[in-house]
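Chemist: Sequence:
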Amino acid sequence: MKRWIDDLPQIPFRYRDLPPDGPWMTMEEAGTHLGIGHYHMNALTAVTHRIDMVRTTGKELAVTRASVEAEKHWRTTATVRQKLWRLFKDILKNAL
Numbered sequence: 001m002k003r004w005i006d007d008l009p010q011i012p013f014r015y016r017d018l019p020p021d022g023p024w025m026t027m028e029e030a031g032t033h034l035g036i037g038h039y040h041m042n043a044l045t046a047v048t049h050r051i052d053m054v055r056t057t058g059k060e061l062a063v064t065r066a067s068v069e070a071e072k073h074w075r076t077t078a079t080v081r082q083k084l085w086r087l088f089k090d091i092l093k094n095a096l
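Numbered by my numbering, the letters in the sequence shown go through residues 1 to 96 in order.
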């Protein structure tokens, strides 16, 4: 499995059918859990693909709890240098 520089697994973007009571949360709940707004949450799911997007059987968009927890762990344990390097990589990836 491909890994980030901080050894957290990179979670690819994909849609899956999950039961309504599955291991997921709404994007609003995930944003609140991470302490970020709606726009930043959309960027994490669509641009960087660090948050795993799922579609429930009710056709609602949601994110997996595991990917939100992995992102929260990275945000609390990463050094300033790692955060700046991640930002730099994201800017380069999106500019190309």
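Be careful, since some hints might not be right.
When the alpha-carbon atoms are kept at most 20 Å apart in a straight line, the in silico EDC-like pairs for lysine to aspartate or glutamate are as follows [to be verified]: (1) Lys72 with Glu29; (2) Lys83 with Glu69; (3) Lys83 with Glu60; (4) Lys93 with Glu28.
Using C-beta positions, here's what the derived DEER-type ranges look like [to be verified]: (5) Thr77 with Ala43: 33 to 41 Å; (6) Trp85 with Glu60: 16 to 24 Å; (7) Arg65 with Leu92: 28 to 36 Å; (8) Leu84 with Arg55: 17 to 25 Å; (9) Thr76 with Ala43: 30 to 38 Å; (10) His40 with Ala66: 17 to 25 Å; (11) Arg55 with Trp85: 29 to 37 Å.
Quick caveat, the hints were computed from the structure, so don't treat them as lab data.
Every residue, glycine too, gets a C-beta built ideally from N, C-alpha and C.
Chemist: Against this structure, judge whether each hint is valid.
Modeler: Results of checking the hints against the structure:
no.	hint	in the structure
1	Lys72 with Glu29	13 Å, holds
2	Lys83 with Glu69	17 Å, holds
3	Lys83 with Glu60	31 Å, violated
4	Lys93 with Glu28	26 Å, violated
5	Thr77 with Ala43: 33 to 41 Å	21 Å, violated
6	Trp85 with Glu60: 16 to 24 Å	34 Å, violated
7	Arg65 with Leu92: 28 to 36 Å	30 Å, holds
8	Leu84 with Arg55: 17 to 25 Å	34 Å, violated
9	Thr76 with Ala43: 30 to 38 Å	19 Å, violated
10	His40 with Ala66: 17 to 25 Å	19 Å, holds
11	Arg55 with Trp85: 29 to 37 Å	32 Å, holds
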